[in-house]
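A.B. asks: So the chains spell out like this:
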Amino acid sequence: MEYFLQQLINGVTLGSIYGLIAIGYTMVYGIIGMINFAHGDIFMVSTMISLVAVVLILSIGITAVPVILLLLLLVSLLLTSLYGWTVERMAYRPLRGSFRLAPLISAIGMSIVLQNYIQNAQGADKKSFPTLIPGYMSFFNEGSFPVILQYSQLSVMVVTVVVLCIFTWLVTKTSLGRAQRACEQDLKMAALLGVNVDRTISLTFVIGAALAAVAGLMHLIYYGVTDFYAGFVVGIKAFTAAVLGGIGSLPGAVLGGLTIGLIETFFAGYVSVDYKDVAAFSILAIVLIFLPSGLLGRPEVEKV
Amino acid sequence: MNETRDLILDVEHLTMRFGGLVAIGDLSFQAHRGEITAIIGPNGAGKTTVFNCITGFYKPTEGRIALVHGDPAVLAEIDRATIEGHQFLRTDKGALFLLERMADYRVSQYARVARTFQNIRLFGGMTLLENLMVAQHNKLMVASGYTALALVGLGGYGRHEREAIDKARYWLNRVGLIDRADEPAAALSYGAQRRLEIARAMCTDPVLLCLDEPAAGLNPRESSELSDLLLFIRREHQTSILLIEHDMSVVMEISDHVVVLDYGRKISDGSPAAVRSDPNVIAAYLGVEEDEVEDVVQEVSA
Amino acid sequence: MATDDAVSARTEPSPVVAALRDAAMWGLITLLLTGPVVGLGTVASSGTYGFIQRWPLVFSMTAIAFAVRFILMMTVWRRRGAPAPRKVVADLPKSLDSLRKLFIPVFVLLAFAYPFISVFVAGGMTPGRYWIDLGVLVLTYILLGWGLNIVVGLAGLLDLGYVAFYAVGAYTFALLSMNYDLSFWVCLPIAGIIAAMFGVLLGFPVLRLRGDYLAIVTLAFGEIIRLVLINWREFTGGASGINRIPRPSFFGFEFVPSGPTSFAQFFGITHSPVHRLIFFYYVTLLLAFVVLIITIRLRRLPIGRAWEALREDEIACRSLGISVVNTKLTAFSLGAMFGGFAGTVFAARQGYISPQDFTFLTSALVLAIVVLGGLGSNLGVVFSAAVLVGGVEMLRNLGFLKQIFGNDFDPTTYRMLIFGVLMVVIMVWRPRGLISSRSPSVFLTERKTVSAAMVHEGRG
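Residue numbers (the working numbering), protein chains in the order written: chain A, 1 to 304; chain B, 1 to 302; chain C, 1 to 460.
Don't take every hint at face value.
[Unchecked claim] With the C-beta cut set under 7 Å, the calculated list includes, among others, these residues of chain A facing chain C:
#1 A91
#2 N116
#3 A121
#4 D274
#5 L284
Calculated directly from the structure, the hints in this document are not laboratory data.
Idealized CB from N, CA, C, for every residue including glycine.
Use the sequences and the hints to build the structure in full.
C.D. replies: Below, the structure written as structure tokens:
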């Protein structure tokens, strides 16, 4: 029971990070129907930006943790968003309306570019991030297996919930959200009705990148390491989460993220650490076979 | 009705629901060999859904769709086939197919029911000839020894391929597209695409050809050519035709038998002349309440 | 007219100002993007991090972005204004299309003569080694490209996990030859068949999936295979892989300096380790030709036409009595089989394999080769494999750049960066790939190529 609770806490933390990244995939897919293959690498770039920023901040002598976190969030959010925007402008926009494999290939190319760009600029070694939020709460201390909730885990969960609330407000209540949903239904029609399609798509990428930046910072706070390759596996898993939840569905992305996070943690905890990724990917295949449109996706009725 | 007509298609109590929506409700009708049977009705009456059930694309919620090859006496076996759970039964005189149980491609392959689509579905990047060759896939697969023999040059595939090309040429001639045989199908005009789709369906050697609004989008000259083509198919090839059509001139001119649907139910069934004067039909098309039907009938006949 | 001009003069700034403004914006963006990441390189020093500062590099990158953008705005984009999204796909340059017939015999000849040309031009066996090795590598990727072309190019099924079959082929050969002492020529068909079985294994569950769902499941499948290879240590040797895989022999003659079965001794020539490489080159070439001939023949058989029809319209296929299950599974298994062949050759040439050889990057590379070459085009695969694999590999030789950028500059570290940029640039330039038109499989009077705009995309 205590062990189960511990895995649950770890799984939800991991799942929150996946969920934040998965939203970026699912939003872009919903609006222009492409897999933004470089999104995982945008996440990786954000961790590097945070790393550089934290070293810089510590070196000029700021030590108050809340200030550091706020500054980090701000810098990482802005610069990562700019990366997201630039990638869309350079690699995807010229291919809009082209045939479907072209943007995918371009995205794979962009992913390779970002990885090697960071590898060359920051080196290939694993980078460790200073512990900003130390300490933990401990439950069931009288038992043989105390359950530990680290403050960093708690902050990941709290930040995820807060960010999701802001995000939900953004896409449901603002004119940007409305424009986004219109573009999702029909790009051409939205353009005819006066929606600035280019701007809406750009903003979608910016929001996706911003969420990835939050996820990147959370990842650093919780795990404390990153490298130029960190975006690949996390990216695939987040995309798996998006598909699992039903691609195009925003709550689905979060649900899928949590599911993947929990499956991974529980499999590692109870069955085998080596095969945890195999389990996550197998679940994806199994779910898609029985629920081809994912957990919360709209089922597709075949039009004959 | 004429007792000598052979039954080819027997639809009984066909019902199709999508969630709570009843697209077809308890529909029964028959089609006869060598005839052109038209299904008409206002938009949204469920005509295409009937086609999708017959051709296996949809599994009907309830009902039975029986298709007969050869002697209709085979229909006597229908209850046995239904109970024993067969998809089809062959006897020495003919064969019986329970279409509602068969997968879409098997309906075409074994029951030999071919169809066209309301929004034309050609292989746009392939040439006209290739389109007609794809239609002869199953025959050619057997001839190629399921690829294995033909790959190493055995089994006389070349001869069969030439026969298939001859058949394609015959149909391209028939629909007047022979000069464009080596052009991609997507380059054709709308009317020509409709004709090519019919030619492609005919290349599967169907016993029943289902055409979903073949005259839609055609100009009057093309419509009349289409009528000629359909009459030719009925006359020269032992193919019965089931037709969904809005163009009344085509329906009235060529069909032998008309079934009228409205809101998924049959409201009339008979010869074109009989259907034309059926008050229910007129009411459905003009959209009047039932108690006003009498007035409408009088107006029309006046 | 005059008023129109006046209006536009008032509202639109002069082209130079517009170009300057645009270039300044992109310069600023470059500065912001590269500033923190490139300008401040983190290096670990005594438990914490210090920075290497590279501000000159950042400023030169900014300047380059500004200049390139300005020049483009003033020249290429002057008429169009900003680069507009391209809607219409341009067809292959006519010259290339008409030269296709001429290309093929030249290619075949060149392919056969390549090892000798390499040895001759490089001036000896040992210096030619590098070039022959590169040739084998390119050929392996051509083989992979042709295999994937069946799945993606013809049948239109997007497969991002193709490397799995390459791995299955390589491991099958390695394990069979190590554990059962079977020869290369016995293992080759077995590896192909086992890879094909994996193709069916993957094919069955994903039959109902479309498009991107298919892509992600195949990607996951590729990762699963790789992870199993890493973790099933007793069977696969784990992350360190399998070493000392036996080398194939030439009709019983081995590539050893002397002995009764020595190739060099029997033919009375001086032994050179390059002989084996040349032999490998021809084995791969032979295999490539077998695969090519099979593919060309299949395209003209009903199954090949059914694949293409499936790519164009699956529902129409079903209405014509074509079993989608069988058609997709044959495409999957055949593509997988060719991947298995390529894997066998790879394992035999290399002599050692590890899961590191079968990462997603390989799948991406093969897919890029197929798409950049032009979906469905076998010749296109040859072109793009030569450019992407051969060209990028040759960056290793750009030692002279050290003289320009100083000794710290190592061009090989930029290899993948350039590869990635190439992928993006080629897609933006020719989204349909180099050879985008399609040649019909059968014709009545004249074989006219079909323009890319008509052909449906690989969709899955």
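A.B. asks: Determine for every hint whether it applies to the structure shown.
C.D. replies: Now the hints, each set against the structure:
no. : hint : verdict
1   : A91  : 5 Å, holds
2   : N116 : 4 Å, holds
3   : A121 : 5 Å, holds
4   : D274 : 4 Å, holds
5   : L284 : 6 Å, holds
Taken one by one, the earlier hints all hold for this structure without exception.
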